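These protein sequence lines map, in sequence, to chains Y and C.
Residue numbering for the first sequence follows the working numbering, beginning at 1 and increasing consecutively.
Residue numbering for the second sequence follows the working numbering, beginning at 1 and increasing consecutively.
No wet-lab data here; the hints were simulated from the structure.
All values reported here derive from a predicted model rather than from experimental measurement.
A few of these clues could be false.
[Said to hold, decoys possible] Covered stretches of chain Y (chain C as the covering partner; in silico rule of three or more C-beta atoms under 8 Å from a C-beta of chain C):
| hint | stretch |
| --- | --- |
| 1 | 1 to 13 |
| 2 | 36 to 48 |
| 3 | 58 to 66 |
[Claimed, not checked] Listed next, with one range per pair, are the computed distances between beta-carbon atoms:
| hint | chain 1 | residue 1 | chain 2 | residue 2 | range |
| --- | --- | --- | --- | --- | --- |
| 4 | C | Ile187 | Y | Gly87 | 43 to 53 Å |
| 5 | Y | Asp111 | C | Arg101 | 40 to 50 Å |
| 6 | Y | Glu19 | C | Glu149 | 23 to 33 Å |
Don't be surprised by glycine CBs; every beta carbon is placed ideally from N, CA and C.
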Amino acid sequence: MAKMTVEDLRKLREKKQNELNKRDINGKDCQVIIGMGTCGIAAGAKVVLDTFLKVLDEHKITNVAVTQTGCMGLCYVEPTVEVLVPGMPDTIYGKVDADTVRKIVVQHIIDKKLVADHVYDRPSADIIKNGGR
Amino acid sequence: MHVFLCDFLLDIVQNSLEADSGTVSILIEEDRRMIRFTVADDGKGMSEETQAKAQDPFYTDGIKHAKRKVGLGIPFLKQTVDETGGEFSLTSAEGKGTTVRFGFDMMHVDTPPFGDLPSTLVAVFSYPASCEIVAKRSLSTSLGSGKWEVRRSLLLDALGDLRSSGSLVLLEQYLRSQEDDLDAIRISHDPEIR
Ligand SMILES: Nc1ncnc2c1ncn2[C@@H]1O[C@H](COP(=O)(O)OP(=O)(O)OP(=O)(O)O)[C@@H](O)[C@H]1O
Ligand code: FES
Ligand SMILES: [Mg+2]
Numbered sequence: 001m002a003k004m005t006v007e008d009l010r011k012l013r014e015k016k017q018n019e020l021n022k023r024d025i026n027g028k029d030c031q032v033i034i035g036m037g038t039c040g041i042a043a044g045a046k047v048v049l050d051t052f053l054k055v056l057d058e059h060k061i062t063n064v065a066v067t068q069t070g071c072m073g074l075c076y077v078e079p080t081v082e083v084l085v086p087g088m089p090d091t092i093y094g095k096v097d098a099d100t101v102r103k104i105v106v107q108h109i110i111d112k113k114l115v116a117d118h119v120y121d122r123p124s125a126d127i128i129k130n131g132g133r
Numbered sequence: 001m002h003v004f005l006c007d008f009l010l011d012i013v014q015n016s017l018e019a020d021s022g023t024v025s026i027l028i029e030e031d032r033r034m035i036r037f038t039v040a041d042d043g044k045g046m047s048e049e050t051q052a053k054a055q056d057p058f059y060t061d062g063i064k065h066a067k068r069k070v071g072l073g074i075p076f077l078k079q080t081v082d083e084t085g086g087e088f089s090l091t092s093a094e095g096k097g098t099t100v101r102f103g104f105d106m107m108h109v110d111t112p113p114f115g116d117l118p119s120t121l122v123a124v125f126s127y128p129a130s131c132e133i134v135a136k137r138s139l140s141t142s143l144g145s146g147k148w149e150v151r152r153s154l155l156l157d158a159l160g161d162l163r164s165s166g167s168l169v170l171l172e173q174y175l176r177s178q179e180d181d182l183d184a185i186r187i188s189h190d191p192e193i194r
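For reference, chain Y alone in the conformation it holds in the complex (with noise of 0.2 Å):
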């Protein structure tokens, strides 16, 4: 690709936006928190959140919020990945891999049901305290 400029970025978010504002329903109001401490970073964070956005973008949803955390308390199951859906359960899920996001995007974001076999734990007490950050 061409070395795009910040005004070219400008444009294509104007241009994106356009297009898919009346069908970004899916997404509304819901948030994707990745574990990148460094045990997170070490298990393979980073993967995990490439392949959100990939899968995202592939099924047209541009707004679900993809931020991330540090340290969950949950090293010994990283990646770790805090899904908030509305009219869901908060869900924790671990040891997640590129096709655990697909399952994630397809099944508890879109479809709205859990992925079981990859739920686990609230973060330890430290981090609840803190409001989840």
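Using the hints, position chain C with the ligands against chain Y.
Relative to the frame of chain Y, chain C with the ligands by itself:
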């Protein structure tokens, strides 16, 4: 375990983003042999004692990582640098800020591969912090050079937000186009490298 140099970069940058910094600047300088990273912040800095602890593989505060056996982060970076003939330095002053520099010899067989800079910087720019982040990248070849630079504030202005999946997809495309440009320069100037 870390596999890519970009994972070290992300780890070090996160420390700066967590240090109440106003500006975090990231420099990635590549020549035909070395890739050098500089991460500088004007955040809370570290006392001598904290600096020593941060570099000690067996130190952990025991709260944040209850289940973790040893510290990772800086100690692991230093170890990898030592094993591959690279460079590392950390300077910090309390209340002033911290600068971490590290460099890798890309000809050394044990040097981890570079990794994917665009997706690493997507993680950096979408990190939930409100400080300015400046990333500067340069390449110098046997025949010339190439470079690009990007600021968080400009990206935020162009994209409206750095949190929705739609914005981050565009951000990734933007960063990739910058790296593609350097790749083209590298291939045409020094076809034997990488
Ligand atoms: N740029 C910095 N500014 C201020 N303090 C820092 C900086 N970098 C590291 N530190 C200090 O060094 C400590 C150890 O850093 P390290 O990255 O190894 O672990 P951590 O940041 O606590 O945990 P993790 O990276 O796994 O989330 C930090 O907790 C912090 O106190
Ligand atoms: S990131 Fe693993 S225990 Fe903190
Ligand atoms: Mg850290």
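Evaluated hints:
1. 1 to 13: n = 11 at 8 Å, threshold three: holds.
2. 36 to 48: holds (count 7)
3. 58 to 66: holds (count 6)
4. C/Ile187 to Y/Gly87: 43 to 53 Å: holds (50 Å)
5. Y/Asp111 to C/Arg101: 40 to 50 Å: holds (48 Å)
6. Y/Glu19 to C/Glu149: 23 to 33 Å: For Y/Glu19 and C/Glu149 the Cβ distance comes to about 30 Å; the hint holds.
The structure meets every hint from the earlier list without exception.
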